[in-house]
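Asks: Assemble the complex: chain A is given as a structure, and chain B must be docked to it using the hints.
First to last, the protein sequences are chains A and B.
First residue of the first sequence: 1, per the UniProt record's numbering; consecutive thereafter.
First residue of the second sequence: 1, per the UniProt record's numbering; consecutive thereafter.
Treat the hints with care, since some could be wrong.
As the list claims (entries may be wrong) - Computed footprint of chain A on chain B; a stretch qualifies when at least three of its residues, placed anywhere within it, have a C-beta under 8 Å from a C-beta of chain A:
| no. | segment |
| --- | --- |
| 1 | 3-11 |
| 2 | 76-88 |
| 3 | 100-107 |
| 4 | 117-128 |
| 5 | 143-157 |
| 6 | 233-241 |
| 7 | 253-261 |
Keep in mind that the hints were calculated from the coordinates and are not lab data.
Just so it is clear, CB atoms sit at the ideal spot from N, CA and C, and this is done for glycine as well.
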Amino acid sequence: MVKERKYVKVLCISLCLAFLYFPLIVMAFFSFNSAKSLSNFKGFSLRWYESLFGNLQLLDAVVVSVSIAILATVISTILGTMTAIALTKSKKVIRTTILQVNNLPIMNPEIVTAISLMIFFSVINIDKGYMTMLLAHIAFCTPYVITNVYPKVKQLDPNLADAAMDLGATPFQTLMKVILPQIKPGIVAGALLAFTMSFDDFVISYFVSGNGVENISIVIYNMSKRMNPSIYALSTIVLIVILLVLLIGTFIPYLIVKKKGASINEASS
Amino acid sequence: MKQYKKLVSPYCFWLFVLTIVPMLLIAFYAFTAKGTEITTFRFTLDNFFRFIDPIFLSVLMRSFVLGILTTVICLLIGYPIAYMISKCQERTQTLLILLITIPTWINLLMRTYAWMSILSNNGLINHALQALGFAKMHMMYTDFSVVIGMVYNFLPFMILPIHTSLTNMDKSLTEASMDLGASRVQTFFKITFRLSLSGVLTGVTMVFLPAISAFVIPKMLGGGQYSLIGNFIEQQFITVGNWHFGSAVSLVLAVIVIALMALIYKAEKRTNMSNEDEEGGSRRNGKRKKIRKSTLH
Numbered sequence: 001m002v003k004e005r006k007y008v009k010v011l012c013i014s015l016c017l018a019f020l021y022f023p024l025i026v027m028a029f030f031s032f033n034s035a036k037s038l039s040n041f042k043g044f045s046l047r048w049y050e051s052l053f054g055n056l057q058l059l060d061a062v063v064v065s066v067s068i069a070i071l072a073t074v075i076s077t078i079l080g081t082m083t084a085i086a087l088t089k090s091k092k093v094i095r096t097t098i099l100q101v102n103n104l105p106i107m108n109p110e111i112v113t114a115i116s117l118m119i120f121f122s123v124i125n126i127d128k129g130y131m132t133m134l135l136a137h138i139a140f141c142t143p144y145v146i147t148n149v150y151p152k153v154k155q156l157d158p159n160l161a162d163a164a165m166d167l168g169a170t171p172f173q174t175l176m177k178v179i180l181p182q183i184k185p186g187i188v189a190g191a192l193l194a195f196t197m198s199f200d201d202f203v204i205s206y207f208v209s210g211n212g213v214e215n216i217s218i219v220i221y222n223m224s225k226r227m228n229p230s231i232y233a234l235s236t237i238v239l240i241v242i243l244l245v246l247l248i249g250t251f252i253p254y255l256i257v258k259k260k261g262a263s264i265n266e267a268s269s
Numbered sequence: 001m002k003q004y005k006k007l008v009s010p011y012c013f014w015l016f017v018l019t020i021v022p023m024l025l026i027a028f029y030a031f032t033a034k035g036t037e038i039t040t041f042r043f044t045l046d047n048f049f050r051f052i053d054p055i056f057l058s059v060l061m062r063s064f065v066l067g068i069l070t071t072v073i074c075l076l077i078g079y080p081i082a083y084m085i086s087k088c089q090e091r092t093q094t095l096l097i098l099l100i101t102i103p104t105w106i107n108l109l110m111r112t113y114a115w116m117s118i119l120s121n122n123g124l125i126n127h128a129l130q131a132l133g134f135a136k137m138h139m140m141y142t143d144f145s146v147v148i149g150m151v152y153n154f155l156p157f158m159i160l161p162i163h164t165s166l167t168n169m170d171k172s173l174t175e176a177s178m179d180l181g182a183s184r185v186q187t188f189f190k191i192t193f194r195l196s197l198s199g200v201l202t203g204v205t206m207v208f209l210p211a212i213s214a215f216v217i218p219k220m221l222g223g224g225q226y227s228l229i230g231n232f233i234e235q236q237f238i239t240v241g242n243w244h245f246g247s248a249v250s251l252v253l254a255v256i257v258i259a260l261m262a263l264i265y266k267a268e269k270r271t272n273m274s275n276e277d278e279e280g281g282s283r284r285n286g287k288r289k290k291i292r293k294s295t296l297h
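Just chain A, with the same shape it has in the complex (with noise of 0.2 Å):
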């Protein structure tokens, strides 16, 4: 009895993650096709990662989807802890002002936010172009960041910082040297949000961008009437470097500690 339902416990969560990988074992599999065909495999190539080398619209595209999730990502982490930090300070009505509006962009659907912006820039009269989609980055991914820090300044020790000013500390080394490095699980937290959602973000991209300036989501939109399996070989890299950058994460610091704790085992031996 316990047994059986052990079996459908793991035949159900596999059938899940199947559904999951599914398309993106197909998107795979599909882009070392030989053929343009994605649901006949003729043979092996690597056809498709060259004309995806050889596609400028589709490089200039991870240029801007990269460069914006790089800027938005830095600018929004420095403002959002920069405020969360003030926020702990300030007056109760700014407080709950502030956080209330905050939370606006993250409630709101996500192509009210665009048209609002894009309404936005036509008034104002700016070009809508690569400036523009860096400045709505910034907007959508601040709250973020904020929504993120804030509890973690909430908790600290206010005693803490009293007494590093109080030994002579200026505040900005107070601010480096005390209160950032015990709030950076959250810094962390949001930023990394703040880059996932900037690079894969299109509806906002799609209403505030134009002459030309396109991430990658913009070229994916374009290009779906038509197959193009060089989207395959572009979204079978991003794959790859993803688990990458996932693998480094959780073995490095694992590496880490063990270095530390066999160091730590000599000294004590």
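Replies: Frame of chain A; chain B shown alone:
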């Protein structure tokens, strides 16, 4: 720490310019119509009266029906899966949760694009059907393909919060219930399910809200003619060029979504509070356990 107080002003300015003003602009466009001259706008409620249009009402209906259908399917698959994962060993759980999270890190359009070729008339499924001697099925550009795409993309967001609430639960409660003579089924419905309700509510929000305002998935898997409320808004802005009506629709969508969120948030608070009233003591125990665990490390 008072020295940092002033750091709030840049973001105040930022929020005002890039969140409040754009939202006010939507409201402004929604309540006005183009005047006789390009620069003169006049106040009107016409944009809202146009909602009675049967075409628009059918779009709204369809968005809600598909949103609810997607949410129900995600819940019916997601809850059992989250439950089964929470019954695994801790190490396996971490691995499984990671495996469920990974697909969400891949661009939504790439994932949806993969489904396009799987479901198309010359796609993988139809190839398999033909090879097995069955007739081809028409799946692309139907409600079916749109719902598959939405369930596929949103399912992890249902599993993850439910799993979190199931693992945060105090195990001794279910043991107590069984000791006191309740059957497995009774224990599940009276204890486990009720305690995981906050996770279910979070999951429902994270699936239903993006599903009713979805825009790319119906466009890619439903075809150009397919219209949900998100596509309707896009058409008004990009193809039709009626910003006033488009803004009115966006405003209504935002109000519906934010009101639903507020309602769910309230319900969540209530379930948390009632749990705390009933099992306040055991919750404290759980906390103590957690503290003990963290000191062990």
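Asks: Check each numbered hint against the structure and report the violated ones by number, ascending.
Replies: Going through the list in order, the structure violates no hint and respects every one.
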